[in-house]
Structure formats: C-alpha cells, structure tokens
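Line by line, the protein sequences give chains C and H. Here the first sequence is numbered in our numbering, starting from 1 and rising by one per residue. Here the second sequence is numbered in our numbering, starting from 1 and rising by one per residue.
Since the hints were made in silico from the structure, they are not lab data. Zero decoy hints are in this set.
Derived DSSO-like pairs: lysine-lysine, alpha-carbon spacing no greater than 27 Å straight-line:
(1) Lys126/H x Lys22/C
(2) Lys126/H x Lys19/C
(3) Lys126/C x Lys22/H
Just so we're clear, the structure is a prediction, and the values are computed from it rather than from any experiment.
There are 2 protein chains.
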Amino acid sequence: MGTKVEKLKINFKTLEEFKKFKEYGLQELSMLEDLEANMVDNDIESPFYGIYFGDKLVARMSLYQIDAKYDRYFYPPQNYLELWKLEVLPDYQGRGYGRMLVEFAKSFGLPIKTNPRVQSRDFWEKMGFTSVDYDMERDRGENPLVWYPEGVKAQ
Amino acid sequence: MGTKVEKLKINFKTLEEFKKFKEYGLQELSMLEDLEANMVDNDIESPFYGIYFGDKLVARMSLYQIDAKYDRYFYPPQNYLELWKLEVLPDYQGRGYGRMLVEFAKSFGLPIKTNPRVQSRDFWEKMGFTSVDYDMERDRGENPLVWYPEGVKAQ
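Can you build the whole structure from these sequences, using the hints too?
In structure tokens, the structure reads:
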C-alpha cells in the first residue's frame, strides 16, 4: 500500500478535495480567496497534513505550533501543537488513518492540544489524550483534550 | 406568557436540566464536581443565562466578558463578550427564544464574538453577526462570527 502522511500543498486541487470534508469552513474559504487574489499555486504555508488513497485525499488534519509564551496548558510552559480538523472520509474509516495522523503529530515530540467533537472522545482516549481541568476563562465552553510527552505535566 | 431571560443559578437542579442540551460537556461536568466537592448550592459564579417555559429550562447560552487586553477582534480594543452554547431544545425552537437570548447579550452594549456550529450560520446572519477575516494563529480552524455595536470596527 505505502500509505503515508504528507504535508498538503494548498492549491486549487487540494481545496477542491477539502470540500468533501465536513469541517470545511472559514479557514478553507480564506485560503481559496488568497489563492484567487494571487493567481499562484503552492505558495501558501500549509498547516494541513493528509493521507491519499490513490490520488484521492481521504483523511486530513491541521497542525499548528503555538509559541511557549502563549502556553496555558503544559508544565513546564513550552511550544506545543494545536491539532484540529482531524477527519477521515466515511468510506475510509476503520482503517487506521486517523491513528496514523495522530501518531504523525506525536512524532514531533511536542505536547498536543485538540478540541474534539463530542462523538470522538473514545478515539482520543485510545490515542492517550486526556481531559484538562476546565478553566472557563481559558477554555470558554470547549472540551480540550491534551497529550503529554514524557516529562510534561499539566500547568 | 412573561417569558424572560434570566441568569441561571448553578445548582444540582440546573445541572440536571443542562443534561438535556446537546452541548453538555467538560464545563458542566466541572461545575458538577465543584458542587459535589463543596456540598453547597448556588454559590458558583454563573456564566449561563436561560429561558424557562413554566419550570422547564428550554433555552440557554453562556456569556463571558473578555478583558480588553486580550482583545484581538475589535477596534478600538475593548472589553467584549464571548457567547457560546446558545441552544434551544428541539420542541421549543421557532418561537424566538434564540433571538431573545442574543438580544439580551447585545443589550450590554459590548461587541460579541461567537463560534457557531456550521448549521446555524443563517440564524447568526439574521442577528447581524458577520464573519471575521480568518487569522490562523488567532482562530485555529474556528469560524468566528462577531457583532459590532455602533462605533466599533474590526481590528
């Protein structure tokens, strides 16, 4: 098979593939606008990683490094990754693609924070993520889950 | 009828009512834990407002004031309200309860930011909310909508 996680280039082809995912939103529309305004491909820094099955994008996530000075989740305070829009297309679920993406994110060795959809909590627990102590000022109704690499604790 | 918006007291009765809402999550569980630990009612500062129909809670929202120094949305930078978990129970939708809650939030005269579920965009537009210019570092995959009182602009 040779299935692998790759960084997605942000071009018209990728953005067209993104339309198949439920969590298509302002982020994708904004990228599309940028592309249209510049009339150039492949030059936008991409936070997206994905898995292709043949030439079809079947899974994706967004991953963005947050600077230590904004860290309100981990101790000692440090750079960490925020992960969002982890999604596998319905016909391709149950094949370990979600797990592959999360393992890829973990491979950077940084703590990870995500705000999962309520229905996906079991998956995240299997991946070693745990709830934080809710802080209204910081979390504002979200249900953040975090993953601690060795030596990292809650703030 | 005398339907009105009221600040919800956080006690066991209210938390039991919250279980009927879809967006029950870490915030509510954390409040429940606090109540159980202290064995006292009504003493937790509540960010929740709601509407009762008879003695049944049928609509709610969370509203929290963010300090101007954290304002990355409005110009001039100022205190603003973050609104989340706006929700009307299915049997009570279409009666203007959602609108009543939003009008209540607007009555403070502060700008408002919310991260709506995708399906509710039409409602928010009717309420005068607009999209922001997406900023990945700030918005991280969210689709924030904002409401500007007179004299306030985007940052």
